[in-house]
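Working from the sequences, and respecting the hints, build out all of it.
2 protein chains.
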Amino acid sequence: MDRLNDGHALQRLLDELGRLPGIGPKSAQRIAYYLLEADVEEARRLATAILEVKEQVHFCPICFSYATRDTCDVCSDASRDRTTICVVSEPRDVSAIERTGSYHGLYHVLGGVISPMDKIGPEQLHVKELLSRLASGEVQEVILATNPDVEGETTATYLSRIIRPLGVRVSRLASGLPVGGDLEYADEVTLGRAIEARREV
Amino acid sequence: MDRLNDGHALQRLLDELGRLPGIGPKSAQRIAYYLLEADVEEARRLATAILEVKEQVHFCPICFSYATRDTCDVCSDASRDRTTICVVSEPRDVSAIERTGSYHGLYHVLGGVISPMDKIGPEQLHVKELLSRLASGEVQEVILATNPDVEGETTATYLSRIIRPLGVRVSRLASGLPVGGDLEYADEVTLGRAIEARREV
Chain F
1 MDRLNDGHAL QRLLDELGRL PGIGPKSAQR IAYYLLEADV EEARRLATAI LEVKEQVHFC
61 PICFSYATRD TCDVCSDASR DRTTICVVSE PRDVSAIERT GSYHGLYHVL GGVISPMDKI
121 GPEQLHVKEL LSRLASGEVQ EVILATNPDV EGETTATYLS RIIRPLGVRV SRLASGLPVG
181 GDLEYADEVT LGRAIEARRE V
Chain S
1 MDRLNDGHAL QRLLDELGRL PGIGPKSAQR IAYYLLEADV EEARRLATAI LEVKEQVHFC
61 PICFSYATRD TCDVCSDASR DRTTICVVSE PRDVSAIERT GSYHGLYHVL GGVISPMDKI
121 GPEQLHVKEL LSRLASGEVQ EVILATNPDV EGETTATYLS RIIRPLGVRV SRLASGLPVG
181 GDLEYADEVT LGRAIEARRE V
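Protein sequence lines, in the order shown, are assigned to chains F and S. Here the first sequence stands for residues 1 to 201, where the numbers follow full-length UniProt numbering. Here the second sequence stands for residues 1 to 201, where the numbers follow full-length UniProt numbering.
All clues stand as given, with none of them false.
Given that identical chains are not distinguished, each listed pair holds provided it fits within a single copy or across any two copies.
Straight-line alpha carbon distances no greater than 25 Å define the calculated SDA-like cross-link-like pairs of lysine to any residue that follow: (1) K26 - H58; (2) K26 - E98; (3) K26 - D15; (4) K54 - E41; (5) K26 - A38; (6) K26 - G181; (7) K54 - G24; (8) K128 - P61; (9) K54 - Y34; (10) K54 - D15; (11) K26 - P148; (12) K26 - A96; (13) K26 - S95; (14) K26 - G180; (15) K128 - T83; (16) K26 - S89; (17) K26 - Y185; (18) K26 - E42; (19) K54 - A38; (20) K128 - V57; (21) K128 - R169; (22) K54 - R19; (23) K26 - A174.
For the record, the hints were derived by calculation from the structure and aren't laboratory data.
Listed below in structure tokens is the structure:
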């Protein structure tokens with residue numbers, strides 16, 4: 001079964017699995033054989049989950065994160081603090097911040113970051129929608145949680161310049177040493193930031 | 001979306017992906033978000049490939065490898081050398097050997113290895129079927145390609161004892177240093193085998 005003929009179900013599965021991120025030919029084969037040996041119900045559950053996620057999940061019309069109901073779990077949760085909006089680049093960043101359990105406000109997903117190289121400016125992102133959420137006057141703080149890389153910093157700088165004049169407090173996630181990390185292995189920029197942002201104890 | 005409510009399509013997909021071998025929570029999330037962003041056709045192709053592999057793939061009634069037609073691709077290929085049978089433990093081993101391009105004979109998949117601890121003896125494996133394939137007299141050599149571990153060696157020893165009296169040549173895959181490997185990092189058993197099995201050059 002070196003290279004199976006194209007009509008072969010196993011080869012088709014290997015091809016499709018191989019397209020997934022982080023799945024090389026070896027992993028694809030391991031998963032394909034696992035599914036071949038699994039009972040048919042398990043395989044069916046996986047296939048159904050894939051189809052249902054595409055059918056049921058859409059963008060929340062308020063924050064542009066993923067939602068299965070009209071609005072997403074966070075926007076429709078009455079217990080969240082509606083005076084704070086955390087601005088992130090992608091829906092996956094919402095999951096990352098939710099996992100910390102440290103944040104109880106709302107989100108706004110930009111759908112990318114400003115990147116002139118890729119012809120992505122503020123018009124291609126959900127910036128207009130963010131500004132209209134701020135117009136109500138309910139929001140007191142915007143946390144800019146784009147990645148600490150060039151595009152993320154550019155986007156944060158741009159947003160802070162247009163949001164601050166609206167009288168809303170603007171903050172940025174702290175940069176510093178990773179918890180449990182080792183000073184010796186930190187890159188110079190991170191270590192430099194950690195020194196600048198040192199706190200009195 | 002820390003822990004999404006159970007009825008949530010994304011959480012169901014994360015759970016199902018997390019069951020696959022080699023897929024931890026991080027990889028499951030990466031794949032789920034990839035599928036969310038992918039176009040619906042790609043997700044559908046993957047789901048279909050999973051379902052079809054379960055519907056269309058069955059065991060070859062001759063060699064017990066996977067087959068989509070009546071018999072598997074190897075058994076139904078008239079150009080294969082029918083005087084040699086390579087005995088392996090699992091269908092995935094057939095793929096591994098086929099990828100080498102060095103073997104042109106037939107296969108026989110045992111469906112496991114002898115393992116008294118797991119109550120697997122020759123009766124639980126496709127040994128009877130192997131012996132009836134040898135009964136025709138066409139086969140001149142059986143290559144025992146079970147893994148070079150305890151169960152694999154036990155199984156090979158058992159099979160060689162019952163096959164040799166039938167007047168069929170029995171061989172075993174060579175043990176030795178992996179090609180491109182480093183002598184320094186080879187374990188003692190492998191290095192010992194490589195010395196015993198040294199070849200004049």
